[in-house]
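*Asks:* Sequence:
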Amino acid sequence: MWKIVVGFIAFAGVALWLLSKGGDIDMGGEKHGALQLNAPAVATVGVAYGPAT
1 MWKIVVGFIA
11 FAGVALWLLS
21 KGGDIDMGGE
31 KHGALQLNAP
41 AVATVGVAYG
51 PAT
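Counted from 1, the sequence shown has number 3 at position 3 by my numbering; the numbering is strictly sequential.
The set of hints was computed from the structure by calculation and includes no laboratory data. Careful, some of the hints might be misleading.
Derived pair list, reagent style SDA-like, types lysine to any residue, alpha-carbon separation capped at 25 Å [unchecked claim]:
hint, residue 1, residue 2
1, Lys21, Lys31
2, Lys3, Val14
3, Lys31, Leu18
FRET-style restraints, in silico, Cβ to Cβ [stated by the list, open to error]:
hint, residue 1, residue 2, range
4, Gly28, Lys3, 32 to 38 Å
5, Gly29, Ile9, 34 to 40 Å
6, Met27, Val5, 20 to 26 Å
7, Lys3, Glu30, 31 to 37 Å
8, Asp24, Ile4, 29 to 35 Å
9, Glu30, Phe8, 22 to 28 Å
10, Glu30, Ile9, 39 to 45 Å
11, Ile4, His32, 33 to 39 Å
12, Ile4, Ile25, 26 to 32 Å
13, Gly22, Trp2, 39 to 45 Å
Backbone N, C-alpha and C define an ideal beta-carbon position, used for all residues, glycine too.
From just these sequences and the hints, can you work out the full model?
*Replies:* See below:
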């Protein structure tokens, strides 16, 4: 049983270390609304498609 606890602590430590080395990682969850900073740019192209034949 103690090996499971030690393994979990080691895995969590490695995961936190990797996340800290990852740079700009937002751990805040999903963002909705106007304050979304890292949103991909939406390309709006005015292409009119005709009816499918």
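*Asks:* Is 26 to 32 Å right for how far apart the beta carbons of Ile4 and Ile25 are?
*Replies:* 28 Å, holds
*Asks:* Please test the hint of 31 to 37 Å on the beta carbon pair from Lys3 and Glu30.
*Replies:* Since the Cβ atoms of Lys3 and Glu30 sit about 36 Å apart, the hinted range of 31 to 37 Å holds.
*Asks:* Could you grab the alpha-carbon distance between Lys21 and Lys31 and see if it respects the 25 Å cut-off?
*Replies:* 23 Å, holds
*Asks:* Within 29 to 35 Å: is that where the Cβ-Cβ distance between Asp24 and Ile4 falls?
*Replies:* Cβ of Asp24 to Cβ of Ile4: about 33 Å, so the range 29 to 35 Å holds.
*Asks:* Do the beta carbons of Glu30 and Phe8 sit within 22 to 28 Å of each other?
*Replies:* 27 Å, holds
*Asks:* When you check the alpha-carbon spacing of Lys31 and Leu18, does it fall within 25 Å?
*Replies:* 23 Å, holds
*Asks:* Given a hinted range of 32 to 38 Å, is it respected by the beta-carbon distance of Gly28 and Lys3?
*Replies:* 34 Å, holds
*Asks:* For Lys3 and Val14, compute the direct alpha-carbon distance and say whether it is at most 25 Å.
*Replies:* The hint holds at about 16 Å.
*Asks:* Per the hint of 33 to 39 Å, is the separation of the Cβ atoms of Ile4 and His32 within bounds?
*Replies:* 38 Å, holds
*Asks:* Against the range 20 to 26 Å, how does the distance between the Cβ atoms of Met27 and Val5 compare: consistent or not?
*Replies:* 24 Å, holds
*Asks:* Quick one: are Gly29 and Ile9 within 34 to 40 Å, going by C-beta?
*Replies:* 25 Å, violated
*Asks:* Using the beta carbons of Glu30 and Ile9, state whether their distance is inside 39 to 45 Å or not.
*Replies:* 29 Å, violated
Going through the hint list in order, the structure does not satisfy hints 5, 10, 13.
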